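J.: Residue numbers (this note's numbering), protein chains in the order written: chain A, 150 to 401; chain B, 150 to 401.
To be clear, the hints were calculated from the coordinates, so they are not data collected in a lab.
Since we're looking at a predicted model, the values are computed, not measured.
Among the hints, erroneous ones may be present.
In this list, chains with the same sequence are indistinguishable; a pair is considered to hold if it fits within one copy or across any two.
[As the list claims (entries may be wrong)] Heads up, simulated DSS-like pairs for lysine-lysine below, C-alpha to C-alpha not over 30 Å straight-line:
id: 1; residue 1: Lys265; residue 2: Lys380
id: 2; residue 1: Lys234; residue 2: Lys219
id: 3; residue 1: Lys345; residue 2: Lys372
id: 4; residue 1: Lys361; residue 2: Lys372
id: 5; residue 1: Lys265; residue 2: Lys345
There are 2 protein chains.
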Amino acid sequence: MARSLGRICRGFQRLGLLSSVQPGPSHPSSSASVRTTFSMLGLKSSFFAKHRDFSLPNSSWGTEMMRLYKHYDSQCEVELEGGEKQEGPWQRLPSYNRFIKYATGGHYLSKIIQSKARLFTRNNKDAGATFEYVLFFNSEEQKCVAIFQAGHLLEGPPGHVHGGAIATMIDTVVGAHATIVSGPVVTANLNINYRKPIPLGSTLVIESSLVKKEGKKIFITCKVTSSDGSKLHTDTTALFVSISVSNLLLGS
Amino acid sequence: MARSLGRICRGFQRLGLLSSVQPGPSHPSSSASVRTTFSMLGLKSSFFAKHRDFSLPNSSWGTEMMRLYKHYDSQCEVELEGGEKQEGPWQRLPSYNRFIKYATGGHYLSKIIQSKARLFTRNNKDAGATFEYVLFFNSEEQKCVAIFQAGHLLEGPPGHVHGGAIATMIDTVVGAHATIVSGPVVTANLNINYRKPIPLGSTLVIESSLVKKEGKKIFITCKVTSSDGSKLHTDTTALFVSISVSNLLLGS
Numbered sequence: 150m151a152r153s154l155g156r157i158c159r160g161f162q163r164l165g166l167l168s169s170v171q172p173g174p175s176h177p178s179s180s181a182s183v184r185t186t187f188s189m190l191g192l193k194s195s196f197f198a199k200h201r202d203f204s205l206p207n208s209s210w211g212t213e214m215m216r217l218y219k220h221y222d223s224q225c226e227v228e229l230e231g232g233e234k235q236e237g238p239w240q241r242l243p244s245y246n247r248f249i250k251y252a253t254g255g256h257y258l259s260k261i262i263q264s265k266a267r268l269f270t271r272n273n274k275d276a277g278a279t280f281e282y283v284l285f286f287n288s289e290e291q292k293c294v295a296i297f298q299a300g301h302l303l304e305g306p307p308g309h310v311h312g313g314a315i316a317t318m319i320d321t322v323v324g325a326h327a328t329i330v331s332g333p334v335v336t337a338n339l340n341i342n343y344r345k346p347i348p349l350g351s352t353l354v355i356e357s358s359l360v361k362k363e364g365k366k367i368f369i370t371c372k373v374t375s376s377d378g379s380k381l382h383t384d385t386t387a388l389f390v391s392i393s394v395s396n397l398l399l400g401s
Numbered sequence: 150m151a152r153s154l155g156r157i158c159r160g161f162q163r164l165g166l167l168s169s170v171q172p173g174p175s176h177p178s179s180s181a182s183v184r185t186t187f188s189m190l191g192l193k194s195s196f197f198a199k200h201r202d203f204s205l206p207n208s209s210w211g212t213e214m215m216r217l218y219k220h221y222d223s224q225c226e227v228e229l230e231g232g233e234k235q236e237g238p239w240q241r242l243p244s245y246n247r248f249i250k251y252a253t254g255g256h257y258l259s260k261i262i263q264s265k266a267r268l269f270t271r272n273n274k275d276a277g278a279t280f281e282y283v284l285f286f287n288s289e290e291q292k293c294v295a296i297f298q299a300g301h302l303l304e305g306p307p308g309h310v311h312g313g314a315i316a317t318m319i320d321t322v323v324g325a326h327a328t329i330v331s332g333p334v335v336t337a338n339l340n341i342n343y344r345k346p347i348p349l350g351s352t353l354v355i356e357s358s359l360v361k362k363e364g365k366k367i368f369i370t371c372k373v374t375s376s377d378g379s380k381l382h383t384d385t386t387a388l389f390v391s392i393s394v395s396n397l398l399l400g401s
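Could you put together the complete structure from these sequences and hints?
T.: The structure is reproduced here in structure tokens:
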């Protein structure tokens with residue numbers, strides 16, 4: 150395992166990818182810097198087109214999921230007078246089933262570095278069976294919003310979503326948010342209050358807000374609500390810590 | 150969905166199953182009462198033999214997983230002088246892929262009440278791909294121990310287990326513990342400190358301890374360590390609340 154991870158790490162380093170990713174801006178509301186970090190993570194690479202992007206709609210998405218997707222997606226690009234287009238307040242974050250695919254050049258790397266490993270939330274090929282979600286980021290407001298449809302394979306209490314599946318989605322959203330703010334991070338603490346059980350099949354809105362960034366620490370809060378915002382299902386405080394991916398890969 | 154849940158609930162009620170499950174003893178160390186609650190949940194039903202029990206060893210289990218399994222399993226039954234056998238200090242908890250199968254008569258109920266829903270931690274048929282685990286309970290010490298082998302489809306940070314997958318296993322262990330103590334429960338709070346990332350493929354020990362039971366509230370702590378106990382990966386405090394399953398099923 151260690152040898153395999155070392156090989157992956159050296160693969161990244163040879164291609165000058167993750168070693169160049171540094172913690173982001175110290176002031177969280179600096180949207181230009183956030184966009185730079187975002188770009189350094191390769192999230193806008195042209196290579197994306199060559200992977201399946203799980204954040205795009207599929208036939209399993211219900212009416213509510215599609216309505217909310219369109220609501221945010223329509224704000225990712227705005228048309229100026231004269232017909233010219235420019236970036237809007239929201240950005241849709243693409244989503245893949247291997248971490249390596251997030252890096253610039255990940256298309257080739259994923260062929261060179263073969264692995265059975267798959268991102269936990271994207272490990273099932275059956276559309277609608279587990280986690281269907283899409284993340285949007287608003288750099289001006291320092292907010293992340295995910296639209297999440299809970300599939301039938303996520304059961305915990307009968308007819309309801311497993312507490313661990315909810316925690317997984319929360320970790321995914323706040324983790325993506327922290328990564329945009331500060332480059333590679335690991336979860337240090339999740340404190341989740343489960344207020345109302347979530348029926349299987351529900352469409353939910355997960356919204357995270359940056360509280361503060363202190364050195365290597367990033368503090369974020371997160372709420373999971375029903376799609377119309379009327380029911381609060383969970384509220385969470387999360388702490389992330391910036392890391393060097395090289396160290397993580399090498400287990401040091 | 151509500152109609153479907155109502156049907157399931159009425160199915161349970163007709164058969165006099167979950168409606169008869171009441172919160173357990175107020176004194177947590179009353180092992181006889183705990184065993185009664187345990188039995189009321191149907192966990193020792195002869196119907197078990199008719200389901201696949203996911204807590205039994207399969208070909209994906211590594212050396213460390215098997216060593217620890219045998220260590221606890223060998224303490225589930227003790228031989229007295231004269232060759233007679235009796236229950237030991239530990240009990241292995243069977244594990245199924247549908248909640249309904251945990252109830253007495255679940256074999257028949259699962260055929261009557263068709264559903265695509267599957268327990269989140271047991272939704273993958275490929276042995277070793279996701280969550281491989283077995284839980285043991287010690288009523289005298291009021292402790293639950295799970296042996297957990299993390300499969301390649303649980304990836305979060307590259308080469309490591311997703312924070313949500315760890316939270317899922319923690320929720321599973323403390324949730325099972327709370328259920329034994331107090332009958333049906335829902336998670337009210339999970340406060341998880343992630344101290345050391347877990348490499349994919351690791352075998353881990355998850356140990357939960359009952360702190361106290363106050364009315365409907367059950368307080369439990371939980372630690373995830375390496376299989377030899379030398380590394381502390383996470384520590385958690387958890388709060389569960391006793392519920393009526395009928396209410397949960399009917400969404401009230």
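J.: Does each hint fit the structure? Answer for all of them.
T.: Comparing the hints with the structure gives:
no., hint, result
1, Lys265 - Lys380, "between (39 Å within a copy, 26 Å between copies)"
2, Lys234 - Lys219, "within (18 Å within a copy, 65 Å between copies)"
3, Lys345 - Lys372, "both (12 Å within a copy, 26 Å between copies)"
4, Lys361 - Lys372, "both (17 Å within a copy, 28 Å between copies)"
5, Lys265 - Lys345, "between (36 Å within a copy, 23 Å between copies)"
Violated hints: none; the structure is consistent with every hint.
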